[in-house]
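Asks: Heads up: the sequence lines are chains Y, P, X and W, in that order. Numbered according to the working numbering, the first sequence spans residues 1 to 375. Numbered according to the working numbering, the second sequence spans residues 1 to 375. Numbered according to the working numbering, the third sequence spans residues 1 to 375. Numbered according to the working numbering, the fourth sequence spans residues 1 to 375.
To be clear, the hints were calculated from the coordinates, so they are not data collected in a lab. The structure displayed is predicted, hence computed values, not measured ones. Everything hinted at is true.
Computed list of lysine-lysine pairs in BS3-like fashion (alpha-carbon distance at most 30 Å, straight line):
no., chain 1, residue 1, chain 2, residue 2
1, P, K313, P, K236
2, W, K304, X, K156
3, X, K304, X, K328
4, W, K288, X, K304
5, W, K283, X, K290
6, W, K304, W, K290
7, Y, K197, P, K288
Beyond 10 Å from chain W on every Cβ pair, some chain Y residues (computed):
no., residue
8, D34
9, N224
10, F327
By construction, the Cβ of each residue, glycine as well, lies at the ideal position given by its N, Cα and C atoms.
There are 4 protein chains.
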Amino acid sequence: MQISCAFDSGNISVVEAEQASDIKLEIVKDNQSDFYQWFHFKLHNPALGEHVMRITNAGQSAYVEGWKDYQAVASYDRETWFRVDTEFDGQNLIIKHHLEHASVYFAYFAPYSYERHQDLIHQAQETDICELTVLGQTLDGRDMSLLTIGEPGEGKANIWITARQHPGETMAEWFMEGFIERLLDLDDGVANALLQKAVFYLVPNMNPDGSVRGHLRTNAIGVNLNREWQEPSMEKSPEVYLVREKMMQTGVDMHLDIHGDEALPVNFVAGCEGVPNYDARHKALEDKFKELLCAITPEFQDEKGYPKDEPGKANLTVGSNWVGNHFKCLAYTVEMPFKDNELLPDVIFGWSDARSAILGKDTLTAIYHVVDDLR
Amino acid sequence: MQISCAFDSGNISVVEAEQASDIKLEIVKDNQSDFYQWFHFKLHNPALGEHVMRITNAGQSAYVEGWKDYQAVASYDRETWFRVDTEFDGQNLIIKHHLEHASVYFAYFAPYSYERHQDLIHQAQETDICELTVLGQTLDGRDMSLLTIGEPGEGKANIWITARQHPGETMAEWFMEGFIERLLDLDDGVANALLQKAVFYLVPNMNPDGSVRGHLRTNAIGVNLNREWQEPSMEKSPEVYLVREKMMQTGVDMHLDIHGDEALPVNFVAGCEGVPNYDARHKALEDKFKELLCAITPEFQDEKGYPKDEPGKANLTVGSNWVGNHFKCLAYTVEMPFKDNELLPDVIFGWSDARSAILGKDTLTAIYHVVDDLR
Amino acid sequence: MQISCAFDSGNISVVEAEQASDIKLEIVKDNQSDFYQWFHFKLHNPALGEHVMRITNAGQSAYVEGWKDYQAVASYDRETWFRVDTEFDGQNLIIKHHLEHASVYFAYFAPYSYERHQDLIHQAQETDICELTVLGQTLDGRDMSLLTIGEPGEGKANIWITARQHPGETMAEWFMEGFIERLLDLDDGVANALLQKAVFYLVPNMNPDGSVRGHLRTNAIGVNLNREWQEPSMEKSPEVYLVREKMMQTGVDMHLDIHGDEALPVNFVAGCEGVPNYDARHKALEDKFKELLCAITPEFQDEKGYPKDEPGKANLTVGSNWVGNHFKCLAYTVEMPFKDNELLPDVIFGWSDARSAILGKDTLTAIYHVVDDLR
Amino acid sequence: MQISCAFDSGNISVVEAEQASDIKLEIVKDNQSDFYQWFHFKLHNPALGEHVMRITNAGQSAYVEGWKDYQAVASYDRETWFRVDTEFDGQNLIIKHHLEHASVYFAYFAPYSYERHQDLIHQAQETDICELTVLGQTLDGRDMSLLTIGEPGEGKANIWITARQHPGETMAEWFMEGFIERLLDLDDGVANALLQKAVFYLVPNMNPDGSVRGHLRTNAIGVNLNREWQEPSMEKSPEVYLVREKMMQTGVDMHLDIHGDEALPVNFVAGCEGVPNYDARHKALEDKFKELLCAITPEFQDEKGYPKDEPGKANLTVGSNWVGNHFKCLAYTVEMPFKDNELLPDVIFGWSDARSAILGKDTLTAIYHVVDDLR
Ligand SMILES: [Ca+2]
Ligand SMILES: [Ca+2]
Ligand SMILES: [Ca+2]
Ligand SMILES: [Ca+2]
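Please take these sequences and the hints and turn them into a complete structure.
Replies: Structure (structure tokens):
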């Protein structure tokens, strides 16, 4: 039996792997950080059959409540990721699986590799209406890449969507892939109508270093980018610094920051109610957008979510708060589940890469309905 | 130079084809009928370059107003259908095209062959939630095929969608292909939510004989099926008879009948305002559905359309009128353009097979929003 | 239960179809001919389970020995054709199948539709090195289509390949699809090397009328095209007339005529040993080509085949005999089995569409090795 | 303008990148080694137009003769790699390219990423006849993966193919991809026939660490694996150690080791003529296999190649030499060009990923013809 994680976004440490019935593993902390929850490893055993893996440090991970009712994903072919039998005993996350082929990957959620990321942005750049810009480099030397879709024009709204500040929240990049695919579909009426009124600035991966390193939440040196928006620096958080600079240049009329939430088994948004510049217009925009998304897809809801911020008490180091406050614009953090969506449960796949992409596509329709109100 | 139409849905008669600059053609009438407007032929000429084709009997076709601002479609590979230079002088429809390969197809709209139809329904039947039923045979002996998607259940709405009563309106079957694809997509939240509340009865092609024969508007013996709903018969209109019988068995809570309109350069619906059983509830449902479709996609509108029927004056031989009246249910005729959609013009493709399919997918969302009101 | 065949290449007549356990069918003769053996029909029955179909006139069909050890093919999705339980009792061909979905197609061999044929030749014409020519029309008005691949040049060999004179031998067009795909593959070294030395004239379907009509062996008016090469006429056999005329223009340095054989469970060739102009050079070419094909693929063999013609006794009305004699060139009839290939049996698929296409590709290699000897 | 290489197999060092007309770059040495020649980087410049890149240390690279008549490859979409204008002045390799999109990748040859490698082996393992085995780990902790295709059986030949000991020779893994695809194609007669007589042991990537690191020739610690076969160790060359151990277990009846050659513009093999155990039988096998490959594809030749070893003077640290000597079996090093194949020049793509894959497929045919002679 062999367990390995020396590949894109791999993360595991083997404590013991002698008996298929008693495999002990630990998730590795993000570099220079105490966060950990993302795991991604390959189990290889020519002796097929039942395997029991225990992640023994799950009880001290970043979001312990995330393990409740959670099912890990697995794949034999690296394309289809299905849910496997998983339980949490308060300390150990116990994954049981009957091997059907010798090699199987397990992960916290369907991975989105840096290779796929590069394919995504380079194939997009070949279309006439899309430009790829490299804003600068990360601490590990990777490109911070921005897709600009649509032609700048008088009165057009500048809409920014950023994803995967937290690299382990891979659903965020699956969401972006769906969003981009639809926005570039020349046959799609919503996309065409929208591009007459807006220009899109899309950052499919805000944290490529953390992504490749198999981090949950931070960049190459352990910085949580979503707490860096007030004072980003090229030393600690070039990812945010570069994007924020570009936002200053273009202006921002709307911002979505795409995330995954460990605990809640639903899709939801978190708004700017606590930022100093929040006002009635801002609230009206938020309400309209949220209601639209609820209307457009039964995958979205507004019952469950984060507690609302007190007026003026929002944390302005958070991306969407800072952007919403600074640009006085509609700015939401969009959250998708690591678990299943309890409103439309799917026992085989749970909330998935494919469903994240469809939510991305559906979000285009919601934007289409608010675009005239943005400026 | 050779012009031929001996293939699925081919329709043309060659008057003269000696000079590339002066090709004279006529559209052939539907069998045992005076209707004609659909054309579909292949031009072959190893001497590439400019060709001018004149359809000399366009001035007497079924919908002369259909030729105004109309551009014919053409294809070299039978997959991509683009618009070509076309004008109407009151009598002749003049199509000009510079040949780039020796063989090119021209048609009134992107064809949808009987082979593709069979592929569509047989691939659908392989999914767990879809059943294919043969209701009986047409006069030429083809199958009348029904797809039932979803499981029958207490209180579920029975939603019927029929398409292509008029066989030359091929956009109707492209619409169905999009609709079916989305309804069978297990990752699509709207589809999943809808299938908990409704069962779908889909007839992707109401008129296979007319389709294969290259008819515009009628079945094998020249009968306009959309004037047969009050008294269909196995002798004249088995297509309608068989579907109507099945509707009686299942009951109908909503009906869409998918068509193409020759004249209007927009997508629109025609409702039941003139049927005897029309009432406030029916009107409310119609308004809601129509507004939803307007909201969901900029491809749809409600400004232009057919004149409204006077109360009680509707033609009950028309499919959606008869169904709406008989079952006292929401029943719309959906019309798509042969021309471009003037709201979102596309000079290369105009209104197209791909856009028809997307409208089909978007229609699913509109149904999802009215499904609770249907019973 | 319903059985239908009103589609491309459909052929069956229902004698009795009341009980799933006792379905009686007959194959219909080719129009104006006594030949019959090709069948292709759809069985529809929502009551799944075991079905027993008896083709009651199998005992008088064209090649009774073809039913021995033969297994019919079936498909639910019209893409995958698998073998089903079949036996022959000397009179009835008995097909047994347990229905897993309501609709299933049965056929003598995987069908190749006229729609697919048109796709094949039109997609081919889009490549730079391929031209599509319409030689004229068949009696039903279909195009006789020729693909010319490669550029004419001094000293280049003119290689003709014709397929499906006998329309029920669909494996011949699958062979052509594979051959064409490889010949147009710009990355393939054999194709590239060959195109420096030869021009290919390919007729993927010599008999489109018989193909669409569901004939075994003849054209629209019951003429066996492979007995028409000495004196073809536009009245009886325009298919042969047009191709032969074009051969006269181009000259022929090699000819393959692709067929299927009902009885022998192997791939083999039949040569020109009995034609008047046969000589040692011709024999040497034949032997070399045959040995090469044996060497290239274990699917081919030279043990079993047709009896050799006596010197001077060959039937010159047969295509490859007439061509080989007239042009004094290598000319073979290539035969593939309707049954499985006994040398490499495959219980699930038998000899198949996919294997026919691969044999087509492999034949390119054999031609590459004789091309320098052809002139 | 930005130039980056922080991705799979990236290798470049920027000396100066201020002016598009005067970009200076250096290739980085393999870790703990002096070898360098592989380069792979992304150039990003929103100011499109002409760019001139100078690799200023090309004159001291591992194979200076490799730059003569060499054209670099480039890609905008990471899928299509085309050749670009390149010249060598004795010291600088000068690449000129007119940017058409803002981001373009350049490389020594079409890259083959570790992600794709993982996809390849995991998709293969899902077929019934293929098993994936992890032999152990590399120094960077990556898996050494072996595909076993076919079922062990009495008298069957054990055929080993290893590829990419030299990681910059990516054509070797493209070759393997083609080879594996064909061997797993259940419709392919050669594959089926071969699997009745042989079991295949395939190592698509002998040097995953060097591959990901962007090395030309060595593993993670600068060891040239193809000089390690006499005394490999887990400390220096676990890649060779693990594979050699497995070879000892299975026995070897034939071995191909797949490489790329920097200098020669042809495909060729290098044999075992200099190993102590070489004998007439060995020579006969070599000659037969070589002639077969020449016959099968015009891409292969035997005119140009490496100088022959003197009897008994072969370097037994080289993989195929050691295997051929130890197991007294047919063992060849297969070499493909980085340049174009001068026998079939292709100005757009040169020798390519696609052509390497086809050579892999064709090699299957050559093996089929010697398989009976191997034991
Ligand atoms: Ca987050
Ligand atoms: Ca209509
Ligand atoms: Ca025949
Ligand atoms: Ca090498």
